[in-house]
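Trainee: Spelled out, the chains give:
Protein chains: 2
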Amino acid sequence: MTELFPIDTVRSFSNRVFMAAGLADEDAEIVTDVLIHADLRGHASHGVTRIPIYSQRIKAGVVNAHPSVKITRTAPGFLVVDGDNGPGPVVSLQAIDAAIDAAKETGISIASVGHSNHNGAGSYYVERAIEAGCIAFAMTNAPPSMAVFGGREPVIGTNPIAFGTPAAGDAPVLLDMATALVARGKIVEAAKRGDAIPEGWALDKDGRPTTDAGAAEKGVVLPMAGAKGSALAIMVEVMAGVLAGGRFAGDMGNLYSDWELTQDNAHVFIVIDATRGAAGDRHGERVGELVGMLKKSALAEGHDAILMPGEIEMQRTAAMQAEGIALPPNVLADLDAIARQVGAPPLQATVQA
Amino acid sequence: MTELFPIDTVRSFSNRVFMAAGLADEDAEIVTDVLIHADLRGHASHGVTRIPIYSQRIKAGVVNAHPSVKITRTAPGFLVVDGDNGPGPVVSLQAIDAAIDAAKETGISIASVGHSNHNGAGSYYVERAIEAGCIAFAMTNAPPSMAVFGGREPVIGTNPIAFGTPAAGDAPVLLDMATALVARGKIVEAAKRGDAIPEGWALDKDGRPTTDAGAAEKGVVLPMAGAKGSALAIMVEVMAGVLAGGRFAGDMGNLYSDWELTQDNAHVFIVIDATRGAAGDRHGERVGELVGMLKKSALAEGHDAILMPGEIEMQRTAAMQAEGIALPPNVLADLDAIARQVGAPPLQATVQA
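Going down the list, the protein sequences come from chains A and B. Quick note on the working numbering: the first sequence kicks off at 1 and runs consecutively. Quick note on the working numbering: the second sequence kicks off at 1 and runs consecutively.
Since the hints were made in silico from the structure, they are not lab data. Wrong hints could be hidden among the right ones.
As the list makes no split between identical chains, a pair holds if one copy fits it or if it spans any two.
Straight-line C-alpha distance at most 30 angstroms; calculated DSS-like pairs for lysine-lysine [to be verified]:
no., residue 1, residue 2
1, 218, 295
2, 70, 104
3, 205, 218
4, 104, 192
5, 59, 70
6, 192, 205
7, 205, 296
Since the model is a prediction, treat every value here as computed from it, not as a measurement.
Next comes chain A alone, as it looks inside the complex (with noise of 0.2 angstroms):
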C-alpha cells in the first residue's frame, strides 16, 4: 500500500541518507532538495525514487563526492563550469546561482556545465533563476535511450529542455519537458511498479513497439512528434554535451548500468534578466496579462480547464505539502535497502520517532 510521509520526514532521510554515503551536509541537503522538489511536483520518477542509485553511485566513488567545481568566466556572460565529476545538484547550483549573478550585470548570460552527473528536474534549477526576478531556460543531456527520427537504436538521450519565468497572478509558467513523447523516468518508474505503458512510447531492443515497461527499458524511447522533437534533442544535445567540452551522446555513462565509466553528464543554463527588458519591472506583470488571455479560451471537448505549464504541478505542490509525499511499497523497499546499505536510519523509524 502506497504510505504517506511528511515532508520533513522523508527530508530528514535523505538527507542521512547522502550524509552517510559520504556527502558533506550542505551537499546531501541540496540533492534532498532537488529531489523532494520533484517529487512535490509530482515527478516522482525524479525523485526520491533515486536516492538508491544517487547513493550507490556516491558510495561506489563513481560520483566524486567532494568535487572541486571551477567556474572559469570566459566572457563577461559566459561560464565554463567544470563540475569534477560532482553530483549533479551540488554541480548545478553553483551553476544556475553564478549564472544569475551574471546575468545581472550582463542582462543574459550562459553557464555551460561539464564534468557533472544526472542534476534532477531542471524546473528546479529554473525556479531558482525566477525567484531571482530573472526567465531561464534549463537543459541537460542524459545517456541515450532515445531513437532519433529515421532510427530504431538508441542514440541519443531523452535531453528535457526547462523554461521558466516571473510572472504576476494566479498560474506560473514553468515548463520541464523531456524531448522524448514521454520521459524516459516514465518507463523506469512503471518497470519497477510492474505497470505496461502505453504503445507508442517505446520500442523494444529490437526496435518492435512495446507495452512491457521492463522491454522498453532496455529499448528505445521515440521523439514527441517526429522530426521535430528529435531535432529539439538535438539541440540540447549540441547546448549542453558538445558546448560542455566533455564526452557526449552515445560516448556518455548510463546512470544504472556504467560503475566504472563517469556519467559526464552536461547541462547548460541560459538565464536573462526580464527587467532589462522594454517593459523593465513590469515583465511579470505582462506575463500575467498572457496567462490570463490565453486561460479564457474555449474549451476543447474532454478539458475542464486551461492549465499553464507548471500550474498542475504548482497545485500538486500545495496538495503535497498539506498531504505529504505519496510512497508506494516498491519505492519505500529500495528506501529501506538503501538506508541499511549506507549504514543511516531507515524511513520507518524516522517516521514512529
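Model the placement of chain B on the given structure of chain A, informed by the hints.
Mentor: Chain B alone, transformed into the frame defined by chain A:
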C-alpha cells in the same frame, strides 16, 4: 503548370516590386533575400508567395517603408530593439547583426525586438549568426491562429523556434519549426492551391476537425505533441511578445486581414559565441562528431537515411540553385497582379528579356 525561374530573375523581380511599393533599394534587397532563402530551403510558404501581401502592406502604409530602427543596449548583452513598424526582415537583420556584435564581446547576447512585422523564416537570421561563428536561437510570435492545449479557439500564434550551430562536415544542425503540428503557412499554401490537408492539422472555426484547407485557414491549428507544443508556443510568446514590450497573442494584428492596425510582431534572437565554450575553436568539429555519431544509427522501417535538422533543406537549396525556383500558376498570377498594382515589370517579362 508550375514553371522554373532562375534565382536571379526572381530576385530582380522581387526587388523591383518592393522598390515600387516604396522601400529603399537596400531594404528591398534584404526583404527579397529573406523570402528567396525560404524558397531555396523548400519552404515556399515563407517564400516569394509573400511578395504580394508584404508589398500591399507597405504600399498601404500599414508597414512603415522607412523605419528608424532604434537599438538600446540596456545591459552589455541585452539589446532592446524598436522596429518602428518597419518590414520584419529589415528590422530583424539589424537586430541579429547587433546581437552578433554584442555576443562577440559578452559571450552571449539577446536582442528583444518589438514593433516589427512578419519577418520570414527564422533560419535566415540563424544562418547569419552561424556564418559569424555563433550559435543562435530565433523565435517570433505570430497572430493568433492556434489553440493552446485544452482550448478550441485561436488564442496564440504558431510561434516558431529556429536554432542552429556552426558545424564541421557534410550536414548542418539548423532547425526551424512551428510549434504547431504544421506551420500555418502550409495551410495557407494548401488553401491557395485548393489542396486538402490531413486530418489532425487543424480545427475549423467551430472547433471541429477539418481536411478543408480553406476552412482550416479560418479556424485554428493544433500544437504539436499536445501540452508540450502548447507550452513551447507559450514560451515563445513570453520570449518574443511579452519581453519586447508591445502587444502580444490575441492583441496582435493579422498579416492578411488587419489593414488599419499594425501587426506589432515581436522577435527574439539569442546569440552565443561558440568559441567561448570549453572546446574553444573545436566546437564546430565536435558538432560534426555528434552528427557523424547520430547518422550511423540503424534505420527504422520506411527510412533510408538519418537526416540532420536542416539537411533536407540544404539538399533542396543545392537543387534549386542548379534548376531554379518552381512557381505554381496561382502564385505566378498573384505575382503578376502585384507587379501591375505597384507598377513594376512582371516576372514573365523579366524571363523573356
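Trainee: Would you mind marking each hint as holding or not holding in the structure?
Mentor: Evaluation of the provided hints:
no.	hint	in the structure
1	218 - 295	between (40 angstroms within a copy, 21 angstroms between copies)
2	70 - 104	both (21 angstroms within a copy, 23 angstroms between copies)
3	205 - 218	within (6 angstroms within a copy, 45 angstroms between copies)
4	104 - 192	neither (43 angstroms within a copy, 49 angstroms between copies)
5	59 - 70	within (23 angstroms within a copy, 57 angstroms between copies)
6	192 - 205	within (18 angstroms within a copy, 45 angstroms between copies)
7	205 - 296	between (45 angstroms within a copy, 17 angstroms between copies)
Against the hints set out earlier in the document, a violation occurs for number 4 only.
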